[in-house]
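S.K.: Note that the protein sequences, when read in sequence, are chains U and G.
Quick note, the first sequence lines up with residues 230 to 675 if you use the working numbering.
Quick note, the second sequence lines up with residues 230 to 675 if you use the working numbering.
Calculated from the structure, these hints are not laboratory results.
Incorrect hints may appear among the rest.
A few chain U residues that face chain G, going by a derived Cβ cut-off under 8 Å, partial list only [stated by the list, open to error]:
#, residue
1, Arg303
2, Ile304
3, Ser536
4, Val569
5, Phe581
Virtual Cβ for every residue (Gly too), placed ideally from N, Cα, C.
Number of protein chains: 2
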Amino acid sequence: MENKILEMKNILQEHNIEKINEFVSHFQPFDIASMLVELEHEEQLIFISMVPIPLGAEILEYLDPELQYQLLHRIKDRFTSSFLNEMSSDTIVNLLLSIHPHHAKKLLGFLPDDYRKKIYTIMNYEPNTAGRLATVDYIAARINWTADQALHHIRKVGHDAEIVSYIYVLGSRGELVGVVSLKEIILAKSGTQLEELIQGDAISVLVNMHQQDAADILSKYDLVAIPVVTEDQRMVGILTVDDLIDVIHEEATEDFQKLGGSQPLVEPYFKNSIWNLFRKRIVWLLILFIAEAYTGTVLRHYEDTLSEQIALAFFVPLLIGTGGNTGSQTVTTLVRALAVGEVQFKDMFKVFRKEVSTGFFLGITMGAVAFIRAFFLGVDIDTGSVVAISALFIVIWASIVAAILPMILHKLKIDPAVVSGPFITTLVDGTGLIIYFSLAKVLLHL
Amino acid sequence: MENKILEMKNILQEHNIEKINEFVSHFQPFDIASMLVELEHEEQLIFISMVPIPLGAEILEYLDPELQYQLLHRIKDRFTSSFLNEMSSDTIVNLLLSIHPHHAKKLLGFLPDDYRKKIYTIMNYEPNTAGRLATVDYIAARINWTADQALHHIRKVGHDAEIVSYIYVLGSRGELVGVVSLKEIILAKSGTQLEELIQGDAISVLVNMHQQDAADILSKYDLVAIPVVTEDQRMVGILTVDDLIDVIHEEATEDFQKLGGSQPLVEPYFKNSIWNLFRKRIVWLLILFIAEAYTGTVLRHYEDTLSEQIALAFFVPLLIGTGGNTGSQTVTTLVRALAVGEVQFKDMFKVFRKEVSTGFFLGITMGAVAFIRAFFLGVDIDTGSVVAISALFIVIWASIVAAILPMILHKLKIDPAVVSGPFITTLVDGTGLIIYFSLAKVLLHL
């Protein structure tokens with residue numbers, strides 16, 4: 230990689246277009262973009278003014294919006310205009326929304342009127358919706374065309390489309406009537422009407438659908454792109470699979486961070502300042518601290534029991550830790566199963582039975598182990614028995630709480646990922662202590 | 230949905246092929262498959278013998294391997310043969326590996342010799358590799374062809390291909406020379422050589438690459454399919470984006486379950502017996518129990534300190550809980566950032582600085598809050614100060630441990646997801662207690 234970048238730097242110094250073309254012909258646009266970011270800014274400008282426009286536009290797609298802007302801003306106006314017309318509309322929308330509105334306005338001036346209007350429409354949809362993520366570079370056909378006419382049309386306009394695998398068949402009002410794949414058009418007998426090639430009602434998503442739901446539909450139907458329509462079925466654009474893969478990654482990352490008990494970071498890790506990390510984390514830490522604070526009240530309540538039998542304190546972290554671990558295992562499994570749709574609210578009773586049964590056997594095992602541990606700590610048999618029975622009940626209790634809570638939150642449309650490991654741990658801690666000390670009081674007659 | 234199923238049942242009773250065709254024409258194969266699983270088995274058999282073979286094959290793709298087998302096994306042999314020849318090779322491989330080898334052998338008998346050989350090759354690759362996931366239904370072209378010849382070839386064989394968006398250009402030994410998109414072939418001027426259309430070296434993956442890595446490459450280069458080759462560049466098949474989306478989901482689910490502190494479930498939630506859930510969870514529960522057991526030793530060591538100042542016990546769950554929560558936040562953020570490549574081992578020092586600084590400010594805040602809590606529990610100022618200072622140090626300590634551990638494990642090629650929330654919690658619990666009681670001993674002169 231580093232050799233390649235040096236080679237690139239040398240070639241750029243020569244200002245020899247043929248050598249540059251020969252160099253880039255060995256790489257994919259993504260790889261060239263990865264090399265480009267390692268160059269000096271002046272070198273980047275030379276490079277981008279010397280590669281063929283279509284390739285340059287593809288390379289620009291892989292760069293950060295800031296760098297995209299710096300390059301588009303500093304090259305000659307006619308290049309800026311050509312690049313913008315070659316870039317995909319979703320990249321342009323992302324670029325325009327990431328830079329200063331004043332700069333965005335200047336760039337918008339380079340676009341033809343009707344294209345600018347389409348870009349405006351997309352920019353006005355809410356963040357994280359299907360509409361905002363859509364690209365307008367798709368190929369549309371009329372319902373009364375034949376397959377040959379469609380193919381002719383593709384040959385004419387296909388160059389600007391982000392994806393040509395599907396052709397979207399529109400009615401007279403611009404409403405989506407059906408989808409035909411390029412494969413079907415190519416394989417169709419001469420003279421076939423597009424209408425005959427449409428199989429079933431078109432799968433589409435509404436502009437205001439959440440991007441996560443759109444990604445789910447795309448992966449359910451094994452599609453490469455999905456049309457985005459308004460309430461009255463007018464076609465706005467398409468979502469492509471590569472953008473939705475990014476959405477899947479993003480949403481999984483968010484769930485991870487929520488499970489870890491912090492608010493999701495919007496930016497990649499290193500783009501977050503210390504202050505930002507602090508802000509995202511302190512909220513949950515404080516909430517959990519306040520929730521956990523009642524363990525102090527519980528323990529103070531049992532102060533006498535505790536001072537009579539100080540050995541009971543030895544097992545506090547162990548018992549509440551085990552309860553928390555059990556709850557955490559169940560919660561993560563269920564949160565994920567709910568997120569991917571394997572489990573639904575109507576399965577609640579089934580889940581409950583399964584988790585409680587599993588919890589029972591886990592409890593028996595952990596109780597036995599706790600008894601052995603108490604023995605080796607040199608604690609008397611009675612206290613050991615209290616620890617063992619407590620372990621049994623705490624594990625079952627943690628399983629119950631962890632099974633029910635995510636289901637109820639899911640039903641209440643609260644993201645169950647917020648019932649993170651730390652949250653369930655906190656909840657089980659105090660209640661676990663009550664179980665432990667109540668049993669101790671009764672069984673040890675304290 | 231339920232109405233549709235009733236309608237379907239009624240139509241099936243009439244055995245009227247036209248009505249069935251009219252009914253299915255309104256749906257996508259995925260939707261028909263979702264309805265089919267709700268029918269009686271006899272009805273399923275009638276249905277699958279009456280729909281057109283290509284549509285039936287598409288519907289079969291969405292069913293469980295068990296149901297696929299039951300249907301293929303009970304319909305007439307000539308149907309079985311036609312369906313198998315229409316189904317995609319990766320579905321067939323998955324089916325054959327899920328049923329009894331004896332049954333698999335019988336089904337393999339329905340395939341043409343050369344196709345059977347290809348299927349055998351795929352079946353012999355290791356699970357979770359690119360090779361095992363590949364489909365052999367792709368379109369290959371020769372390097373010396375023109376675009377027109379390639380298009381003619383696509384029209385001839387395209388029907389059996391899973392994806393026609395890319396054409397794979399092979400050399401004389403069957404080695405992959407380059408990839409050309411169908412778009413480029415369609416847009417090419419008449420007489421263009423395929424060689425001229427190839428841009429850069431083909432992106433491909435080796436047969437034994439892990440499926441997760443293959444998915445990463447596909448999403449990095451925004452591809453819809455990626456060719457799978459042997460060490461000597463011979464083409465084996467392609468991985469398609471829909472299969473890789475499933476891989477992305479699977480791998481995220483595994484990471485979730487590991488973070489939750491249990492071994493990943495291979496099957497969907499409800500397919501796991503109670504015994505299986507028990508087995509997956511008890512291992513980690515026991516490991517964590519044993520790791521946590523030393524908190525008992527620590528507390529027994531400080532038994533005298535504890536009995537002199539019993540109020541110290543009130544804050545044990547709160548302090549170790551806060552330490553665990555802080556560690557858990559950092560670990561989940563970093564594990565995810567490592568998994569998606571945002572953070573690398575070489576960034577260790579940067580991560581360390583960032584996390585310790587964040588931890589410092591979090592610690593200050595939590596220390597202040599802990600002091601307030603101690604005050605309201607009616608504890609004396611000295612003990613309250615010990616609790617506050619302990620909170621500060623424990624939070625910083627938890628940040629340090631949680632920042633370093635995943636990085637080191639990642640470097641040692643141990644999956645950092647195993648440094649799950651529960652694991653870091655356990656680790657911080659005992660060390661946190663040592664910090665707490667050492668401070669108490671010194672500051673309270675106990």
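S.K.: Against each hint, give a clear statement of whether it holds in the structure.
M.R.: Hint check results:
1. Arg303: Since chain G brings no Cβ nearer than about 26 Å to Arg303(U), farther than 8 Å, the hint is violated.
2. Ile304: Result: violated, 23 Å to nearest chain G Cβ.
3. Ser536: Holds, about 5 Å.
4. Val569: Val569(U) check passes; min Cβ-Cβ to chain G is 6 Å, inside 8 Å.
5. Phe581: violated (12 Å)
Hints 1, 2, 5 from the list above are not met by this structure, while the remaining hints are.
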